[in-house]
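The residues making up each chain are set out below.
2 protein chains.
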Amino acid sequence: MSTRQLKLGALTMGVGGPGRHNLWLDPELPADASVNIDWYIDIARQAEAALFDLIFIVDSQFITPGSPPHYLNRLEPLTLLSALAVSTRHIGLVGTLTTSYNEPFNVARRLASLDLISKGRAGWNVVTSGDAGTAGNYGRDEHYDYDTRYGRAREHVQVVQGLWQSWEDDAFVRDRASGRYFDPAKLHALNHKGEHFSVVGPLNLQRSPQGQPVIFQAGDSEQGRELGAAIADVVFTHAPSLEQGQAFYREIKERALRQGRDPEQVLVLPGAEVFVGDSDEQARELERHYHAADHSFEQALLEFGRSFGWHDFSQYELDAPFPAQALEFARSSFFTVAKRITDRAVSEGLSLRQAVQASRQLRPGAFVGSAETVAAKMSEWFEARAVDGFNIYIGHPGQFRRFTEEVVPLLQERGVYRREYPGSTLRENLGLRIPRNLR
Amino acid sequence: MSTRQLKLGALTMGVGGPGRHNLWLDPELPADASVNIDWYIDIARQAEAALFDLIFIVDSQFITPGSPPHYLNRLEPLTLLSALAVSTRHIGLVGTLTTSYNEPFNVARRLASLDLISKGRAGWNVVTSGDAGTAGNYGRDEHYDYDTRYGRAREHVQVVQGLWQSWEDDAFVRDRASGRYFDPAKLHALNHKGEHFSVVGPLNLQRSPQGQPVIFQAGDSEQGRELGAAIADVVFTHAPSLEQGQAFYREIKERALRQGRDPEQVLVLPGAEVFVGDSDEQARELERHYHAADHSFEQALLEFGRSFGWHDFSQYELDAPFPAQALEFARSSFFTVAKRITDRAVSEGLSLRQAVQASRQLRPGAFVGSAETVAAKMSEWFEARAVDGFNIYIGHPGQFRRFTEEVVPLLQERGVYRREYPGSTLRENLGLRIPRNLR
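Here the protein sequences line up with chains A and B, keeping their order.
Residue numbering for the first sequence follows the numbering used here, beginning at 1 and increasing consecutively.
Residue numbering for the second sequence follows the numbering used here, beginning at 1 and increasing consecutively.
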């Protein structure tokens with residue numbers, strides 16, 4: 001048996017994200033869960049009791065009245081995670097911050113602060129913001145074009161990581177006998193002048209026990225994958241099938257290798273939906289029940305528009321061929337999901353109604369069955385190197401409880417999942433090395 | 001006796017701010033206090049046990065090797081406060097964020113998140129950033145000029161407060177029976193287009209139990225005072241004497257009245273240093289001892305330069321007349337302290353050495369004596385309407401303990417200070433009304 005171990009993250013859907021408009025109807029879920037700190041603390045502690053590597057907080061900064069419930073009213077990720085940091089001891093705390101609308105100096109400070117407060121458990125999910133409407137909340141008429149977004153992202157992360165190296169590890173002497181607080185020779189300004197950012201530094205924060213926060217990145221497009229392979233410690237993705245998972249896994253590791261990185265130091269962690277039942281049949285029944293309860297066609301149509309920059313599809317005839325205007329948008333845009341949908345609509349001659357229905361199959365991998373079935377399938381994906389672990393979508397509270405209480409022990413019996421935390425920092429738990437510091 | 005009650009804040013110096021370079025030598029203080037979350041939690045709980053209204057976190061984003069120890073290595077205020085929010089139940093949480101280098105949408109979200117996490121205890125200390133070097137960490141060669149800084153500040157606060165009104169109080173229906181999550185008619189975009197900012201909104205966060213965070217503002221200049229009177233719920237200041245305190249207090253309340261505000265809804269809370277001894281003489285001895293231990297002339301000279309934009313005064317002859325170059329700087333700059341120092345240097349014909357020594361008297365009001373003396377003097381200032389309360393500088397841990405254990409009970413006996421928290425939010429405790437919301 002390899003010592004390679006499955007990693008687990010908990011991605012909270014709050015009261016209901018995309019495709020989960022009606023999650024809040026579940027009476028086990030506080031109806032204000034997305035702004036309820038007590039609920040978040042409870043989820044984080046449940047995940048920690050099940051030895052999860054991390055809790056993963058997604059984000060958005062733009063709403064319309066049609067946005068999913070969780071989007072309308074949600075705590076800012078890092079503010080939330082700092083409260084979780086002092087409410088937990090082991091679990092990693094990964095927050096989403098966009099490189100498009102945050103100053104690198106502020107991002108560096110906030111994440112480094114979370115890293116110190118949590119004693120080395122912070123992670124940053126680097127995004128560039130997909131919703132075009134976000135731009136209007138930050139003084140811009142339009143979002144940055146695709147190349148600029150990715151160019152900014154790469155330089156932004158480079159600046160932030162540079163600021164995280166402002167102080168050598170032994171810079172703070174704090175010797176009361178000699179009155180020497182720190183060694184000025186071990187403080188380094190950054191003096192970065194790049195295409196998008198200019199930051200002098202140094203940062204006013206020492207390094208944490210894990211050296212610096214762990215970098216997470218998602219992105220399905222060519223540029224997204226290349227960025228992930230270049231900068232990410234962990235790549236977050238969707239893997240609809242074992243085979244697609246394996247192909248993506250191989251590709252990311254190869255890209256990392258080509259960039260001169262150790263492929264074992266770039267982990268692939270797709271999102272996963274889990275439905276656990278007493279039997280496989282009961283689990284499938286549960287899945288159907290939740291999906292049916294969850295989604296009116298009207299909501300699905302509205303959300304379908306999200307992949308097209310919140311395009312209003314209600315203006316079209318549902319059973320006519322897929323609208324030409326939307327095809328045109330997908331061709332010229334950077335929305336990978338829109339491209340994928342329209343490719344299929346064209347090749348299969350789908351109507352709008354059919355395309356909306358088909359798009360609901362573009363979900364992350366679903367693990368549906370008895371606890372035994374789910375544990376076996378997850379182990380299979382892990383051992384076949386389709387994944388290094390899963391970011392479990394936390395939707396219905398009862399389902400999450402079944403996962404932690406029934407599936408996790410079976411993963412442990414199979415020898416693919418830990419029985420205790422191997423370390424005290426997120427890097428140690430994920431098996432990632434501490435980044436070198438200036439010497 | 002009036003029901004008007006003294007307010008108390010705790011302003012932490014961490015391991016040592018300006019004029020406190022050697023605070024960290026105190027063996028009672030953890031030498032890494034400025035990044036030690038356990039220490040901050042301990043201080044917040046001590047202050048809460050003494051029924052303080054708030055803990056107040058100052059900030060800076062620019063360091064040089066000569067910066068005071070606390071500046072070199074300090075947690076970002078809001079990240080810190082969120083951890084304190086779930087570690088306390090009553091005390092207000094006031095964080096410093098600059099309007100010069102933060103997007104209003106991000107400020108609105110982060111403070112509203114802290115306000116919800118703390119169940120209505122957040123406050124924002126609005127600053128425009130004084131250190132010219134800060135600009136270099138945010139892609140600018142120079143800091144905004146004085147008028148721009150204050151223009152931005154006023155518009156920034158207006159945008160943030162507008163975003164905090166995105167949702168009416170009863171917008172979230174969350175009725176499971178009817179499946180109705182919210183009322184779209186009670187969601188309002190901002191559509192702000194101003195001189196400095198353009199923000200569409202709405203904010204993706206509901207209001208907190210206190211309506212919106214409390215606004216704090218400091219600023220000694222003409223523009224600073226006018227801004228404070230216009231936007232602040234609480235004005236933070238320095239009051240070197242009872243008479244100066246009374247004059248400032250009167251002025252702020254009059255300015256507020258002229259701007260159409262209720263003067264009782266604008267509180268004046270100067271910083272205060274406290275030295276408590278067994279007798280007045282012993283307290284004065286303690287003060288002398290701490291000040292002497294605290295400050296070499298070299299450090300004082302370096303810090304003196306801070307009021308002149310970190311001008312290097314070590315290049316001048318100490319006993320020659322005050323340098324003409326520095327006089328010129330003060331004349332053309334917006335540094336109130338520099339102006340005050342140079343006015344005095346000119347009128348009294350001071351040498352540089354004498355000016356440095358004189359500047360050390362520009363400290364906040366110091367309350368030095370036995371617990372009885374300190375309590376009597378604070379009550380006197382309060383009853384003479386020189387202050388509505390004090391922001392106590394938390395330096396030496398032993399001194400803070402004496403203040404909470406010995407002075408606070410005497411203030412209670414005098415009837416000027418509460419025996420229990422009057423409410424559950426910061427606004428309630430400060431006696432501030434909940435701001436009206438859109439209807």
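Where hints are given, some of them may not hold.
Since copy identity is lost for identical chains, a pair holds within one copy or between any two.
[What the hints assert, rightly or not] Below 20 Å or equal to it, Euclidean Cα-Cα: the simulated DMTMM-like pairs (lysine to aspartate or glutamate) are:
id, residue 1, residue 2
1, Lys193, Glu287
2, Lys186, Asp38
3, Lys186, Glu317
4, Lys193, Asp32
5, Lys186, Asp319
6, Lys193, Asp141
7, Lys186, Asp32
Source of the hints: derived by calculation from the structure; they are not laboratory data.
Taking the hints in turn, this is what the structure says about them:
Proximity of Lys193 to Glu287 under the C-alpha cut-off of 20 Å is found in neither arrangement, the shortest distances being 52 Å within a copy and 47 Å between copies. Taking identical chains as interchangeable, the C-alpha atoms of Lys186 and Asp38 are never at most 20 Å apart, the minima being 41 Å within one chain and 26 Å between chains. Proximity of Lys186 and Glu317 under a CA criterion of 20 Å is satisfied in neither setting, with 66 Å inside one chain copy and 31 Å between copies. In this assembly of identical chains, Lys193 and Asp32 lie within 20 Å of each other by CA distance neither inside one copy nor across copies; the values are 44 Å within and 32 Å between.
Taking the closest pair of Cα atoms, Lys186 and Asp319 never come within 20 Å of each other, the shortest separation being 68 Å inside a single copy and 34 Å across copies. Taking the closest pair of Cα atoms, Lys193 and Asp141 come within 20 Å of each other only across two copies (11 Å); inside a single copy the shortest separation is 26 Å, beyond that limit. In this assembly of identical chains, the alpha carbons of Lys186 and Asp32 lie at most 20 Å apart only when taken from different copies (17 Å versus 47 Å within one copy).
Hint compliance for this structure: hints 1, 2, 3, 4 and 5 are broken, all remaining hints hold.
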